[in-house]
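S.K.: Here is how the chains run, residue by residue.
2 protein chains.
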Amino acid sequence: MPEGPSLAELGEEGLLKRLAVHAPPDQWSDDAALLPELQGQRWVISSDALVQGVHFSEATTPAWSTGWRAAAANLSDLAAMGCRSCAGITVALAAPGRTSALWLEQVYSGMNQLLQDHGGTLLGGDCSRADQVMLAITAIGPVDPARQVRRGDGRPGDALVVTGTHGLSGLGLQWLLGNALSTSELSEATIQQAIRAHQRPQPRFDAIEALHASQPPRMPWRVGGTDSSDGLRRSLELISQASGCRAELDPAALPQPISRGDDAVMKALCLDGGEDFELVLALDQTWADALVQALPSATIIGQLVDHRGPPCWSDTKKPLPDGRGFEHFNQRSD
Amino acid sequence: MPEGPSLAELGEEGLLKRLAVHAPPDQWSDDAALLPELQGQRWVISSDALVQGVHFSEATTPAWSTGWRAAAANLSDLAAMGCRSCAGITVALAAPGRTSALWLEQVYSGMNQLLQDHGGTLLGGDCSRADQVMLAITAIGPVDPARQVRRGDGRPGDALVVTGTHGLSGLGLQWLLGNALSTSELSEATIQQAIRAHQRPQPRFDAIEALHASQPPRMPWRVGGTDSSDGLRRSLELISQASGCRAELDPAALPQPISRGDDAVMKALCLDGGEDFELVLALDQTWADALVQALPSATIIGQLVDHRGPPCWSDTKKPLPDGRGFEHFNQRSD
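Residue numbers (the working numbering), protein chains in the order written: chain H, 1 to 334; chain C, 1 to 334.
So here's chain H without its partners, still in its complex pose (with noise of 0.2 Å):
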């Protein structure tokens, strides 16, 4: 291999940088790539790879959770577009000779039971073998092209929604995992919820469905947003950072899955456990309050204010407490 730095020396972004100059400029900006408007019409397609031991572990997740997952994080990246619908997904999977074909054939069934839960096919596919088992999901689905959600739409004085709590997923994995966190304080309800949480997250197209029946009569559609695979705080910087705004949280409506007082630790979960896998979005205030009335687990959380900087508190103007990053190349993330 030739020299020069190593991808953990760059980092995701970093490298991210260097192999755009092989895109489009601002190609890669949005949680999904828009294809070409063919007579009026225009699909989103997404791809993630999801790695045995970065990903997913059996420790942390049944065969069938981790199809549910993997193509439940694709299909979230449908609906971070605007997207209402999914056609389906392709599968390029890559595994060991050694890997039990019952195990995988459950990692299917977990991807086609999302697919019937939420629409689409698993349209087809590639089989190979590796060292380790990957499994590389693409999804597309179709977008009206006048109601997209892009990161870059938010302007400032948009209120800020999330569709659902943030953290739960997080939680559930570090449960899954054995790790402590005064577990004696979280009741049996919360713990099961979490792990569900964690293992069969949710693609929020119901969320979209409420966003374009909520829209106020004349109000022309712009809404800015992405989804939370990476934490909360990640979707306020990619939303702030492409709209040139700051986001501002109110910290009393940190939408945490559990209050308990001033708690770091869900506090952090909160911010950046990630992949809860709901909606982050910018949009009027008018249009913010008719969508929480029509979408009972939405919450307003703050605002976008007309200077730029990191995410930071709507009361001190501080910003957000420090979080671990997630970082691709250089640590594990589960």
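Hints in this document: simulated from the structure, not taken from any laboratory.
Glycine is no exception: its CB is placed at the ideal position from the N, C-alpha and C atoms.
Hints may be right or wrong, so weigh each one.
Stated by the list, open to error - If the Cβ cut is set under 8 Å, some of the chain C residues that face chain H in the computed set are:
| # | residue |
| --- | --- |
| 1 | Ile45 |
| 2 | Ser47 |
| 3 | Thr99 |
| 4 | Ala101 |
| 5 | Ser109 |
| 6 | Gly125 |
| 7 | Ala130 |
| 8 | Gln132 |
| 9 | Pro142 |
To be verified - FRET-style restraints, in silico, Cβ to Cβ:
| # | chain 1 | residue 1 | chain 2 | residue 2 | range |
| --- | --- | --- | --- | --- | --- |
| 10 | H | Leu38 | C | Asp289 | 29 to 37 Å |
| 11 | C | Pro156 | H | Pro5 | 54 to 62 Å |
| 12 | C | Arg308 | H | Leu16 | 46 to 54 Å |
Starting from the known structure of chain H, fit chain C onto it as the hints suggest.
M.R.: Showing chain C alone in chain H's frame:
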């Protein structure tokens, strides 16, 4: 992992049969998947995984060629469905942190060069850590719904047409691996041509254009076909099985890159070398004659006949000589 057979025990075909229960019937029976028709327009989508040490190695494939070949294989699948162009590709990359960023940039540069030559953009993708470099590429392109090419659309009496010679890529690979092939008889020009065929294969969108241009007036569109990624023999098997016919091959018309009398090695490379990424088509004799006129690289190599069975010679009706299979989970393919 649960009990039961391993992937190696099942083999690729056995595995696909088990997994196909999760897809609609016949969904997986072509080179790529057709998306649902949307307002008279249709997209074709194809995914492939390439794994270091299985599909490419530094010994035989420089970085730019790894990228070029990965993208070319997917665009070839689009051409095999009748697409005349590609909108773009997504790339899901998994790689160890120690991977050279420069190497990876060269891979993307190769993909980009292929796209610049043949159309399409790097739509997006994903990066992740893994123990081994894996590239999962998904290509998408539009197809005229009235002018698709399907494996099962061959009919008895059809001429079999190949868009170019077969065996050059395999010859190039064997040369690069340093394997003895009585190469004293090969000219330097042939060797260079073979290396180029292996490192820089061309998706045959031009052949689909020629197919359109050569369609005889008043003859309805019906073209069976596939690409020859897994070898000429495999292409003939796929078309004849899906079309319920048998492929008869004219021994004098075997599309070898160089003819050296009754050379068993060259014949084996031609039938089973693989990765030539030509198209193998089954169509009306009149149309086939017009096509080989319009496309000088194309030749008629035989015909489909009205009973089932493995591909055979047209004179003796004996099956083609045994060749090596291409079995992803059992053996190394290069």
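S.K.: Now, for every hint given, state plainly whether the structure supports it.
M.R.: Verification of the supplied hints:
A hinted interface residue such as Ile45 of chain C counts as satisfied when its beta carbon comes closer than 8 Å to some beta carbon of chain H; here the least separation is about 6 Å, so the hint holds. A cut of 8 Å between beta carbons decides the hint on Ser47 of chain C: the least distance to chain H is about 4 Å, and the hint holds. Of the supplied interface hints, the one on Thr99 of chain C holds, with its beta-carbon coming within about 5 Å of a beta-carbon of chain H, less than 8 Å. The beta carbon of Ala101 of chain C comes within 5 Å of a beta carbon in chain H, closer than 8 Å, and the hint placing it at the interface holds.
For Ser109 of chain C, the shortest C-beta to C-beta distance to chain H is roughly 6 Å, which falls under 8 Å, so the interface hint holds. This hint holds: Gly125 of chain C has a C-beta 5 Å from the nearest C-beta of chain H, less than the 8 Å allowed. Look at Ala130 of chain C: its Cβ gets to within about 5 Å of chain H, closer than 8 Å, so that hint holds up. Hint status for Gln132 of chain C relative to chain H: holds, with the closest Cβ pair at about 5 Å, below 8 Å.
Because the closest C-beta pair between Pro142 of chain C and chain H is about 6 Å apart, less than 8 Å, the hint holds. The hinted window of 29 to 37 Å between Leu38 of chain H and Asp289 of chain C holds, with their beta carbons roughly 34 Å apart. The given range of 54 to 62 Å is respected by Pro156 of chain C and Pro5 of chain H, whose C-beta atoms sit roughly 60 Å from each other. A hinted range of 46 to 54 Å for the beta carbons of Arg308 of chain C and Leu16 of chain H is consistent with their spacing of about 51 Å.
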